[in-house]
Amino acid sequence: MSTPSQTVGPYLALGLPWADGPTVVEEGTPGAVWIRGVVYDGAGTPVPDGLIETWQADAHGRFDHPDDPRGAQPGFRGFGRCPTTDDGEYGILTVVPGALPGEAPHINVSVFARGLLHRVVTRIYFPENTAANAADPVLAAVPAERRDTLVARKSEDGYTFDVRLQGEGETVFFDV
Amino acid sequence: MTALSESGLILPRYRRDPEGTHPPLDSPGYKSTGLRHPKQPLVLLPHKLTEITGPLLGPGRLGELDNDLTKQHPEEPQGQRIIVHGRLLDGDGRPVPNSLVEIWQANAGGRYKHVWDNWPCPVDPHFDGVGRTITDNEGRYEFTTIKPGAYPWKNHDNAWRPAHIHFSVFGTAFTQRLVTQMYFPDDPLFSQDPIFNSVPDEKARNRMISRFDLSRTVPEWALAFEFDIVLRGREASVFENEEDE
Numbered sequence: 001m002s003t004p005s006q007t008v009g010p011y012l013a014l015g016l017p018w019a020d021g022p023t024v025v026e027e028g029t030p031g032a033v034w035i036r037g038v039v040y041d042g043a044g045t046p047v048p049d050g051l052i053e054t055w056q057a058d059a060h061g062r063f064d065h066p067d068d069p070r071g072a073q074p075g076f077r078g079f080g081r082c083p084t085t086d087d088g089e090y091g092i093l094t095v096v097p098g099a100l101p102g103e104a105p106h107i108n109v110s111v112f113a114r115g116l117l118h119r120v121v122t123r124i125y126f127p128e129n130t131a132a133n134a135a136d137p138v139l140a141a142v143p144a145e146r147r148d149t150l151v152a153r154k155s156e157d158g159y160t161f162d163v164r165l166q167g168e169g170e171t172v173f174f175d176v
Numbered sequence: 001m002t003a004l005s006e007s008g009l010i011l012p013r014y015r016r017d018p019e020g021t022h023p024p025l026d027s028p029g030y031k032s033t034g035l036r037h038p039k040q041p042l043v044l045l046p047h048k049l050t051e052i053t054g055p056l057l058g059p060g061r062l063g064e065l066d067n068d069l070t071k072q073h074p075e076e077p078q079g080q081r082i083i084v085h086g087r088l089l090d091g092d093g094r095p096v097p098n099s100l101v102e103i104w105q106a107n108a109g110g111r112y113k114h115v116w117d118n119w120p121c122p123v124d125p126h127f128d129g130v131g132r133t134i135t136d137n138e139g140r141y142e143f144t145t146i147k148p149g150a151y152p153w154k155n156h157d158n159a160w161r162p163a164h165i166h167f168s169v170f171g172t173a174f175t176q177r178l179v180t181q182m183y184f185p186d187d188p189l190f191s192q193d194p195i196f197n198s199v200p201d202e203k204a205r206n207r208m209i210s211r212f213d214l215s216r217t218v219p220e221w222a223l224a225f226e227f228d229i230v231l232r233g234r235e236a237s238v239f240e241n242e243e244d245e
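Taken in sequence, the protein lines are chains P and Y. Per full-length UniProt numbering, the first sequence starts with residue 1, numbered consecutively. Per full-length UniProt numbering, the second sequence starts with residue 1, numbered consecutively.
Read the hints as simulated data drawn from the structure, not as lab findings. Here the structure is a predicted model, which means the values were calculated and not measured. Built from N, CA and C at the ideal position, the CB exists for glycine as well. Careful, some of the hints might be misleading.
Part of the chain Y face toward chain P, derived, beta carbon under 8 Å [said to hold, decoys possible]: (1) I10; (2) K48; (3) T50; (4) I52; (5) L65; (6) I103; (7) G129; (8) H166; (9) V179; (10) T180; (11) E202; (12) A204; (13) M208; (14) I209; (15) V230; (16) R232.
Which chain P residues face chain Y? A few, computed with CB under 10 Å, are given here [as the list claims (entries may be wrong)]: (17) T7; (18) V38; (19) D41; (20) A43; (21) H65; (22) I107; (23) P137; (24) V142; (25) A144; (26) R164; (27) F173.
Build out the structure end to end from the sequences listed, making use of the hints.
Structure (structure tokens):
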């Protein structure tokens, strides 16, 4: 029987951020991109006391993890963590993951905040992968008119991915 | 324990928790949920490679005194010294070894060392209220800290949070990520706390309450509380292609 989830509360910034949390890869890594965005509440107000966590495969679609039946590919942390600023902004420096067997390239995202009694989970897909996205089974299970909330937009130094917790343009969240 | 995906990979799957284990995101008693809970239904996410893997964060994340919150400054913090220990387990009772445990908490008077916390209670210059450790080979963790105080908040008239310590754990898979709060036994503030009471199932709720552990107290030094954290377990063996038939 699992221990229940509780909110991170307003003071999560004490315990959770790491100095190197936002950099899944080091600055200057070939292919590195910034994924930046703003977390909004249901009134369209930026959420200044939230935290974004990302989990993803490396550029070749591999994980450094013993449960990957294809074998662990050591060396890629795959994990990013960034608290939101006073303006609700976050940024993660990473590489675009490779495709996985039967799935388009994607990054899993957990959002934590005061007022969220349980994390909410979403996915980032990439706009250039039109064909792979069209064939992705997870995207296919999402109502067509909401799919674009899961697809990042190109930006100057990478991608933009905003999170809308509620209301107009609400981001698709998953039951994990 | 495993499922054969369309791709031909054999993957473990994680059990979904019974209804009532976790708080509903829309919990009106806790006012901050009002504008922050999604209103659209959640979409079921199958457990594939990204879900059955997860960050394995090890000793590189730790400083020497990260598990003793009473020794992070030249002088000791005010308050009742306590040992908080327990095990990180999966849903089948198996220990989760070598896994990062992060905590944060208020000081003995109930004040967080955070710029937004400014209720009239002194900051303790000798207490940051932040700890980290790694579970051992049997999934055990231990912190030395001080017992946090209760504190007022503005959720409802004369609202007070019961004393608690925030816990963040990863397990071994994305599906197991958990942030929770550890409470103390017999807290008279439980009855009026919408965060504690947001967990619908009473038995599940009580799993957030630590146990006073006389056997681990240290004479003339510290009281002790035991708090086991249970993450989701793996599902019994099902093959995806059979399930689809």
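Results for each hint:
1. I10: Since chain P brings a Cβ to about 5 Å from I10 of chain Y, closer than 8 Å, the hint holds.
2. K48: holds (6 Å)
3. T50: Because about 5 Å separates T50 of chain Y from the closest Cβ in chain P, which is inside the 8 Å limit, the hint holds.
4. I52: With a minimum Cβ separation of about 5 Å from chain P (threshold 8 Å), the hint on I52 of chain Y holds.
5. L65: Hint violated; L65 of chain Y Cβ to chain P Cβ min 15 Å, cut 8 Å.
6. I103: Given a least distance of 6 Å, the restraint on I103 of chain Y holds.
7. G129: holds (6 Å)
8. H166: Cβ of H166 of chain Y sits 6 Å from chain P, so the hint holds.
9. V179: Holds, because the Cβ-Cβ distance from V179 of chain Y to chain P comes to roughly 5 Å (cut-off 8 Å).
10. T180: Holds - the Cβ of T180 of chain Y comes within 8 Å of chain P, reaching about 5 Å at its closest.
11. E202: violated (11 Å)
12. A204: holds (5 Å)
13. M208: Cβ of M208 of chain Y sits 6 Å from chain P, so the hint holds.
14. I209: violated (11 Å)
15. V230: holds (5 Å)
16. R232: Constraint on R232 of chain Y satisfied, holds at 6 Å.
17. T7: With a minimum Cβ separation of about 6 Å from chain Y (threshold 10 Å), the hint on T7 of chain P holds.
18. V38: violated (14 Å)
19. D41: holds (4 Å)
20. A43: holds (5 Å)
21. H65: holds (4 Å)
22. I107: holds (8 Å)
23. P137: holds (7 Å)
24. V142: Status holds, d = 5 Å.
25. A144: violated (12 Å)
26. R164: Holds, about 9 Å.
27. F173: Holds: closest Cβ of chain Y sits about 5 Å from F173 of chain P, inside 10 Å.
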